[in-house]
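Engineer: The lines below spell out each chain.
Protein chains: 2
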Amino acid sequence: MSDVNQFNITEAVKDSFKTEPGSRFEQLLHGLIEHLHDYTREMNITHDEWMKVLTFLYDCGKISTPERQEFILLSDVLGFSALVDMLNTRGGATEGSNLGPFYLDDAENMPLGCDIAGDRSGAIVLVHGKVTDILHHPLSGAVIDTWQADASGTYPIQEQEHGQDKYDLRAKLKTDSEGRYYYTTVLPKPYTVPYDGPVGELLRAGNRHAWRAAHLHYIIRHPGMHTVTTEVFFENTEYLGNDAVFGVRKSLIGKVVPASKVDLSSFDLARKPDAVIEYDFVMAPDNNA
Amino acid sequence: MSDVNQFNITEAVKDSFKTEPGSRFEQLLHGLIEHLHDYTREMNITHDEWMKVLTFLYDCGKISTPERQEFILLSDVLGFSALVDMLNTRGGATEGSNLGPFYLDDAENMPLGCDIAGDRSGAIVLVHGKVTDILHHPLSGAVIDTWQADASGTYPIQEQEHGQDKYDLRAKLKTDSEGRYYYTTVLPKPYTVPYDGPVGELLRAGNRHAWRAAHLHYIIRHPGMHTVTTEVFFENTEYLGNDAVFGVRKSLIGKVVPASKVDLSSFDLARKPDAVIEYDFVMAPDNNA
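Protein chains in written order, with the numbering used here: chain A, 42 to 330; chain B, 42 to 330.
Among the hints, erroneous ones may be present.
One copy or two, either will do: identical chains are not told apart, so a pair holds if it fits within one copy or between any two.
[Stated by the list, open to error] Straight-line Cα separation of at most 20 Å, DMTMM-like style, residue types lysine to aspartate or glutamate; simulated pairs:
hint, residue 1, residue 2
1, Lys55, Asp79
2, Lys59, Asp100
3, Lys93, Asp309
4, Lys207, Asp89
5, Lys296, Glu67
6, Lys230, Asp206
7, Lys215, Glu52
8, Lys93, Asp206
9, Lys207, Glu67
10, Lys103, Asp44
11, Lys55, Glu242
12, Lys302, Glu276
13, Lys291, Glu219
14, Lys296, Glu83
15, Lys93, Glu108
16, Lys313, Glu52
17, Lys55, Glu83
18, Lys296, Asp237
19, Lys93, Glu61
20, Lys296, Asp146
Rather than coming from a laboratory, the hints here were simulated on the basis of the structure.
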């Protein structure tokens, strides 16, 4: 046998996996082993620290449920989720941002101009814009799938035990022949990610808050185009510079304008808005289509 | 606000933690963030791959119990545990190796020459040697805490529902005035780490077996000396070159000699052995003592 030591163990562990040479699985595994070992050597990790890391992961597992994914939260606060969003944004297209835990894939199809605020209190805002390809050609029939928190920072899906309908504040809309979309809703407020578990302890230990900047969630789909999963934020609101999950990008911030300053004659609206946000989405071709 | 992109996000996440500058916590956190982000960028992780990683961790959490620590197992098969053992071995001292999941800190104190095999079948072996400091001075009164599997590869603690006593095949012995220790036991057999969970799936996906080379576990303690946690393996046995958790080091392999070839007159033994293993432990001063 060859003797394993702190320098050759990395090759030994990589060699122990008899994966298909050059496969993606091998690449991911070898990279993981190299970084894990380099980190351990660079930091000179002690047994106590090693046990703390493993206990932390164990505690994350303990608190996790299908509804409460502590590992996704961990990924979020370490910027891993945001980085994956960034790396997978297609050139020229709208930047990607967090999907978050509250998406439902079967929101109701609603007509352009609809109101999804219902009886919720808060500022009523007209959200509108165009969906185009990267050459700015309008995309007709693109599906805008949106969901959001209300003006107290809560998603109706979180309040089902208080009688709220989890499909509230959600809609699927189709762009018209000019690629336009528009609807009214209530302006959402910031909220905190869950911080009653091990990730919350990590945030506290690192003197970090758990607040997310207020946002609207979107998934934009169009045949032949790469789906865009993103969030739209609002100018001059809290936590834009220190969103707890690094979801904010400059290009994703929409300007909120008083409705009185906007010509609303081109919109067929079910409800009169207090304010207006214009935001255009750009889609890139789907390489795999 | 500054715009976050795939290149400056690493600094942004590091800055988000307001830890004590220069503290160990900051060092560990910053290094983790850097390696996690570098890995993500180098691999160009997709959303599918990201979700697979998080689901894997979630599944590890699901199967974990206080008795079944899947994250420790994951650390073991990735060589993380072994590397921490290596980094924390004191210069000149016996190399460290896996603690494993079956240690109990209250094994019975037994006299030198005792037999801990009880009624278990298999080859009876005399294990003996000296405990010294790194200058080879014998250490008198060093406590040898040992535990092991039986000749079918099972720890009694795993067989409690079949009436086995979890304290079987365990003992604490004290070295004599010459630093000597000796006792008889049954020669253990190889066994597999648990592979019915997500880590087992990883091993199968990577065409790896789950077998550990047969070994005896030891914790050696002496006042003023750095505690040695290690394992002793046996020459010419299976899995020395491919132990599933990378616990084997050349320096930890003992030679098994037929008892007929050894002069046993200097040992006061409760039981006649079939074979003899000689292994000396070396302890380094405890820096923190």
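Engineer: Compare the structure with each hint and give your call.
Structural biologist: Structure-based check of each hint:
1. Lys55 x Asp79: both (13 Å within a copy, 19 Å between copies)
2. Lys59 x Asp100: neither (32 Å within a copy, 23 Å between copies)
3. Lys93 x Asp309: neither (58 Å within a copy, 44 Å between copies)
4. Lys207 x Asp89: Neither, since 44 Å and 26 Å both go past 20 Å.
5. Lys296 x Glu67: neither (46 Å within a copy, 37 Å between copies)
6. Lys230 x Asp206: within (19 Å within a copy, 60 Å between copies)
7. Lys215 x Glu52: Intra 53 Å, inter 39 Å, cutoff 20 Å: neither.
8. Lys93 x Asp206: neither (41 Å within a copy, 30 Å between copies)
9. Lys207 x Glu67: Result: close neither inside a copy nor across copies, 41 Å intra and 40 Å inter.
10. Lys103 x Asp44: neither (38 Å within a copy, 36 Å between copies)
11. Lys55 x Glu242: Between copies only: 17 Å across chains, 34 Å inside a chain, cut-off 20 Å.
12. Lys302 x Glu276: within (17 Å within a copy, 86 Å between copies)
13. Lys291 x Glu219: neither (26 Å within a copy, 73 Å between copies)
14. Lys296 x Glu83: The answer is neither: 45 Å in one copy and 35 Å across copies each exceed 20 Å.
15. Lys93 x Glu108: Between copies, since 17 Å is at most 20 Å while 25 Å is not.
16. Lys313 x Glu52: neither (66 Å within a copy, 44 Å between copies)
17. Lys55 x Glu83: Close inside one copy (19 Å) and across copies (17 Å); limit 20 Å.
18. Lys296 x Asp237: neither (34 Å within a copy, 53 Å between copies)
19. Lys93 x Glu61: Between copies only: 19 Å across chains, 34 Å inside a chain, cut-off 20 Å.
20. Lys296 x Asp146: Neither. Shortest intra-copy (28 Å) and inter-copy (64 Å) distances fail the 20 Å Cα cut-off.
The earlier numbered hints that this structure contradicts are 2, 3, 4, 5, 7, 8, 9, 10, 13, 14, 16, 18, 20.
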